[in-house]
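Trainee: Chains G and S are the protein sequences, given in the same order. Residues in the first sequence are numbered consecutively from 1, following the UniProt record's numbering. Residues in the second sequence are numbered consecutively from 1, following the UniProt record's numbering.
Misleading hints may appear alongside valid ones.
What follows is a set of in silico ranges between Cβ atoms, one per label pair, in the way DEER data are often shown [as the list claims (entries may be wrong)]:
no. : chain 1 : residue 1 : chain 2 : residue 2 : range
1   : G       : M73       : S       : E94       : 41 to 49 angstroms
2   : G       : D183      : S       : E99       : 47 to 55 angstroms
3   : S       : D56       : G       : E153      : 15 to 23 angstroms
4   : S       : K55       : G       : G67       : 31 to 39 angstroms
5   : G       : D75       : S       : A32       : 24 to 32 angstroms
6   : S       : A49       : G       : A78       : 21 to 29 angstroms
7   : G       : P15       : S       : D56       : 31 to 39 angstroms
8   : S       : P12       : G       : A133      : 55 to 63 angstroms
9   : G       : M172      : S       : R107      : 49 to 57 angstroms
In case anyone wonders, no lab produced these hints; they're calculated from the structure. We put the CB at the ideal spot given by N, CA and C, even for glycine.
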Amino acid sequence: MPHDHHDHPHALLPPEPALRVKALETILTRKGLIDPRTLDQIIDTYQNKIGPKNGAQVVARAWSDPGFRDALMQDATAVVADLGYFGRQGEHMVAVENTPDLHNMVVCTLCSCYPWPLLGIPPAWYKSDAYRARVVREPRAVLADFGVALPKETAVRVWDSTAEMRYLVIPMRPEGSEGLSVDELAALVSRDSMIGTGLAKVAK
Amino acid sequence: MTACLPASAPEPVFLHPWHAQVFALTVSLNEAGRFSWPTWVAQFSQVLARHGLDKDLDGGDDYFTAWLETLEMILAKDGAAPAPDVERLRGDWERAYLETPHGDVVRLAASQNT
């Protein structure tokens, strides 16, 4: 087909990996192994429905309701499933609680295992070699990079996620947050505070 | 990282559309029982480790490049998407983009669409 590139510029050619992904998608669709509508649903879910807001709700309820907190610490998988936040990959969820004596951090040294149903897709830094390698070796230096300085007497524990086990950090409830509603409390819970690279925001 | 953005600007979940596509493909195949998640993680970890040997991966494009390589490997091995088929369809898509006027929806030509 004759084609004049100057008068009718062609569609923008996507980068090489994008072409390869399209090739896979075409092959698998033709074989009936995937349904493009399912792919759209998955992307929509992760882009618009799942994110750190889910985790923040869990943390805020744990702060407000001792019974919920105890159940969460005992079997987070069941509690989180009850709330409708299902682990798509069948993983177990474990909640680890920060205290004045212990600060928890989460990493996946092998790849990027992460509590998707509660926090969504991990940020790039979580997937970077720099974080994955350093947080185990020098967690306090990593915390300093995130602007977090812990008291000397606070121990740091780093949890290494796996395909089967994902962790959610329950940050310490900030001072001055007494009397706030669950939704107001949830607004204080950042994504980073649930990975352990941040603290809950101070109540205003 | 986000210091220059207003505090309210959300970070994009996926940096590029193909990151989202290859992610969704993988999750969909896993949910359909094509491979278990631990199997995926084991293979993906190996690819990441190999890619990280001579440079530090930044967790962006390089992360999903390793992801795509892992998926291609698994699907080539189990026969769902043999490598020659992937190469052929990749070329078909490239041609389709080059032959589609800007602004039109890009589709594989009818002759390729069988």
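Trainee: Any hints this thing doesn't respect? Which numbers, in order?
Mentor: 1, 3, 4, 6, 7 and 8
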